[in-house]
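Q: Sequence:
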Amino acid sequence: MTQTLEAEFAKQLKKDGYLYTRLRTPNYGFRGVRYPADFVVWMENGTFLIECKERKSLPLAPSDIRQMPFMKEWLKAGYIPEAHYEILVKNEEGGKYYIFSAAQAVAAKERRKSLKEEDALFSSEKMSEIIKFIAEEFI
Numbered sequence: 001m002t003q004t005l006e007a008e009f010a011k012q013l014k015k016d017g018y019l020y021t022r023l024r025t026p027n028y029g030f031r032g033v034r035y036p037a038d039f040v041v042w043m044e045n046g047t048f049l050i051e052c053k054e055r056k057s058l059p060l061a062p063s064d065i066r067q068m069p070f071m072k073e074w075l076k077a078g079y080i081p082e083a084h085y086e087i088l089v090k091n092e093e094g095g096k097y098y099i100f101s102a103a104q105a106v107a108a109k110e111r112r113k114s115l116k117e118e119d120a121l122f123s124s125e126k127m128s129e130i131i132k133f134i135a136e137e138f139i
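Residues 1 to 139, numbered by my numbering, are exactly what the sequence shown covers, in order.
By construction, these hints were calculated from the structure, which means they are not laboratory data. Treat the numbers as computed from the prediction; the structure is a model and nothing was measured. Here a beta-carbon is modelled for each residue, glycine too, at the ideal position from N, C-alpha and C. One should not assume that every hint holds.
[Unchecked claim] Distance condition first, Cα-Cα at most 25 Å in a straight line; then the derived PhoX-like pairs of lysine-lysine:
id : residue 1 : residue 2
1  : K90       : K15
2  : K76       : K14
3  : K96       : K126
4  : K15       : K132
5  : K14       : K109
6  : K126      : K11
7  : K14       : K72
8  : K109      : K76
9  : K72       : K126
10 : K116      : K126
11 : K109      : K132
12 : K109      : K56
13 : K113      : K132
14 : K76       : K126
15 : K96       : K53
16 : K116      : K14
[What the hints assert, rightly or not] The calculated label-pair distances, taken between Cβ atoms and stated as ranges, are:
id : residue 1 : residue 2 : range
17 : S124      : K14       : 15 to 23 Å
18 : G46       : K14       : 13 to 21 Å
19 : K15       : G95       : 16 to 24 Å
20 : S128      : T21       : 14 to 22 Å
21 : K14       : S63       : 12 to 20 Å
22 : R111      : K14       : 32 to 40 Å
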């Protein structure tokens, strides 16, 4: 049985000793979405809201992201000023992980564009490198 991206991400966070909360998506709320992201992660360089998406391939159309209204609202309102709102995408065909910012997704939706591999803030074939990027590169 393959592990979901959320389970894989949580396992790596736990292994690396980071404090996180998994926000489960219940079957109620706005279009079935109750929370703005799958995870809240606390690191030395800030608080992170991480939305996980598994795709057979990229690009990813922002219109496919059910959390988009929340992303727009959270970015506009700045609920947690120091928070970084990111999208972690697993490309199953390519076997890679990609990090995009929620701001990139919101801008792409407004321009009716998709998130493409070359637009990613970072990509890697290893989840551990994705966590390291998040922990070290955002300031």
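Q: Starting from the range 14 to 22 Å, see whether the pair S128 and T21 falls in it by beta-carbon distance.
A: Check passed, 21 Å falls within 14 to 22 Å.
Q: Do K15 and G95 keep their Cβ atoms within the hinted range of 16 to 24 Å?
A: At roughly 20 Å between Cβ atoms, G95 and K15 fall inside 16 to 24 Å, so the hint holds.
Q: For the range 15 to 23 Å, tell me whether the beta carbons of S124 and K14 fit it or not.
A: holds (19 Å)
Q: Is the Cα-Cα distance between K14 and K72 25 Å or less?
A: violated (29 Å)
Q: Sort out whether K15 lies within 25 Å of K90, counting only the CA atoms.
A: holds (19 Å)
Q: When you check the alpha-carbon spacing of K15 and K132, does it fall within 25 Å?
A: holds (12 Å)
Q: Can the suggested window of 12 to 20 Å be confirmed for the beta-carbon pair K14 and S63?
A: Violated, since K14 and S63 (Cβ atoms, about 33 Å apart) do not stay within the stated range.
Q: Can the restraint linking K116 and K14 be considered satisfied, given a maximum Cα separation of 25 Å?
A: violated (29 Å)
Q: For K96 and K126, compute the direct alpha-carbon distance and say whether it is at most 25 Å.
A: Distance of about 7 Å is within 25 Å: holds.
Q: Given the hint that K109 pairs with K56, does the C-alpha gap stay at or below 25 Å?
A: holds (20 Å)
Q: Has the given pair, K14 with K109, been kept, meaning a C-alpha gap of at most 25 Å?
A: violated (33 Å)
Q: Against the 25 Å threshold, does the CA-CA distance of K113 and K132 hold or violate the hint?
A: violated (29 Å)
The structure shown violates the earlier hints numbered 2, 5, 7, 9, 11, 13, 14, 16, 21.
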